[in-house]
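**Q** Each chain, written out:
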Amino acid sequence: MVGEDLVVAASGPILDAAGMKALGAALAITITGLASAWAEKEIGTAAIGAMAENEGLFGKGLILTVIPETIVIFGLVASLLINSA
Amino acid sequence: MDKIWGKKPRKSDKKKKGTSNYAYAVTRVRAMKSKLLPKETYPRLMNMGIDEITRFIQESEYKNDIDELAMKYSGADLAEHALNRNLALTYAKLLLITAGEPNYLISEYLRRYDIWNIKTLLRGKQYNASEEEILETLISAGELTYTTLSELAAMESYEEIIEALNETDYYPLLQEEYDGTNLAYIENELDKMYYSGLFGVIGKPRSKDRKLFARFIKLEVDAKNMGTLFRLKKAGVEQLDEIMPLMIEGGLELNTEKLASLPYEEFVEALRKTRYWDAISGVMVPDMDSLTGLECRLLKFSLESATTYSHVSPISIVPIMDYIIYKNNEVNNLRIIFRGKEAGLEDELIKDQLVVI
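Protein chains in written order, with numbering that gives the first Met the number 0: chain A, 0 to 84; chain B, 0 to 356.
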């Protein structure tokens with residue numbers, strides 16, 4: 000595997016194929032998790048701002064706040080696919 | 000008095016503090032803007048009497064202000080006090096919901112109300128207005144609190160007022176220059192001081208925020224200078240050394256020195272090449288006898304351009320500034336209607352003074 004060539008150290012490979020897969024899956028979930036957290040923070044504060052003035056916006060605000068959750072769900076799916084491959 | 004003023008701001012206070020959190024502030028301000036009176040309301044208000052209008056706005060954002068002041072005042076006075084109180088509280092709220100850079104820029108912008116209040120106090124004392132009359136026009140949206148302003152309004156003479164202002168930045172100017180008669184000069188100097196202070200705060204704008212804020216202020220300076228130039232040209236003043244001291248530096252597009260030296264017709268011709276022409280061309284008739292139309296058009300232009308820019312830069316200081324001037328405009332419109340109705344002016348005359356968008 001290409002990965003094996005890349006990570007070969009003087010004393011032998013640090014990560015084998017299974018390790019690379021696990022790292023890839025971890026990165027997929029970590030990065031998407033951080034991305035959704037950042038997006039939800041922005042939308043959440045905006046929603047709170049709007050709700051402070053108009054309570055009727057609670058429903059819309061809630062829906063908009065959770066939309067970026069899809070990013071981390073895609074990340075989860077990607078990491079599961081990597082693991083099962 | 001020291002207790003009221005509190006501590007003098009330290010230099011470090013002027014630096015950006017905390018995070019700006021624009022998403023929260025801008026959305027909240029936009030929600031606040033949606034509560035302003037829509038333009039369809041004004042024709043309805045024109046058909047009402049003073050008490051009916053008071054009742055109408057009592058059902059809107061002005062409820063608390065009218066409820067609290069109704070014991071003390073009535074009629075147009077009640078409305079005037081309620082409007083001023085509401086404006087001051089709304090601006091105070093803006094300072095509470097913002098942090099960091101926007102908070103700092105807004106608080107500096109709101110210093111205009113300190114200038115407004117000082118001018119009102121001095122003018123009131125010069126013309127021997129009663130304490131109550133002075134209080135009616137004070138707007139405590141700046142650094143000077145309503146309590147401080149009430150104390151100042153209760154003072155006997157302008158000397159006492161100036162002495163009481165000794166902790167402020169305006170004291171040296173007032174102390175050295177004001178002799179009780181040169182109010183027009185002092186008012187102009189205070190305006191210049193305000194704008195030079197504001198440009199000093201912005202500095203050489205590097206951040207997008209400060210650039211937009213600077214543009215906003217420059218547009219305002221141009222509108223002010225244009226109004227002054229029209230007034231002076233109409234009055235036949237053409238001497239450069241008489242006009243230039245009245246000009247505020249730092250406008251966006253108008254070259255005041257060049258425009259000041261031109262006779263009236265050429266001055267109007269020169270304005271054709273500016274971005275303001277489309278806005279003001281409608282009132283540019285040869286025998287223009289009143290500047291109200293022009294001032295309304297310029298205000299409308301600045302309101303419209305603020306809205307346009309707030310759409311171009313949605314997450315910035317602009318939507319907040321946009322709200323500040325819209326709120327001020329709403330209060331002005333309501334005040335015009337109240338005072339116009341009280342004085343028995345014709346509806347058409349009142350309508351001409353309103354700036355409705």
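Fair warning: there could be bad hints in the mix.
Claimed, not checked - What follows is a set of in silico ranges between Cβ atoms, one per label pair, in the way DEER data are often shown:
id : chain 1 : residue 1 : chain 2 : residue 2 : range
1  : B       : M283      : A       : I30       : 19 to 25 Å
2  : A       : L33       : B       : K203      : 54 to 60 Å
3  : B       : D168      : A       : W37       : 40 to 46 Å
4  : B       : E150      : A       : L33       : 52 to 58 Å
5  : B       : K118      : A       : I66       : 29 to 35 Å
Everything labelled a hint here was simulated from the structure, so no lab data went into it. The model shown is predicted, which means the values in this text are computed figures rather than measured ones. In this text, a Cβ means the ideal position worked out from N, Cα and C, and glycines have one as well.
**Q** All the hints need checking, so say for each whether the structure fits it.
**A** Comparing the hints with the structure gives:
Here the CB-CB span from M283 of chain B to I30 of chain A is close to 60 Å, at odds with the stated 19 to 25 Å. Taking 54 to 60 Å as the suggested C-beta distance range, the pair L33 of chain A and K203 of chain B does not conform, at roughly 35 Å. Distance hint for D168 of chain B and W37 of chain A: a CB-CB separation of about 41 Å, consistent with the stated range 40 to 46 Å. A hinted range of 52 to 58 Å holds for the C-beta pair E150 of chain B and L33 of chain A, which are about 54 Å apart.
Between K118 of chain B and I66 of chain A the C-beta distance comes to about 51 Å, which lies outside the given range of 29 to 35 Å.
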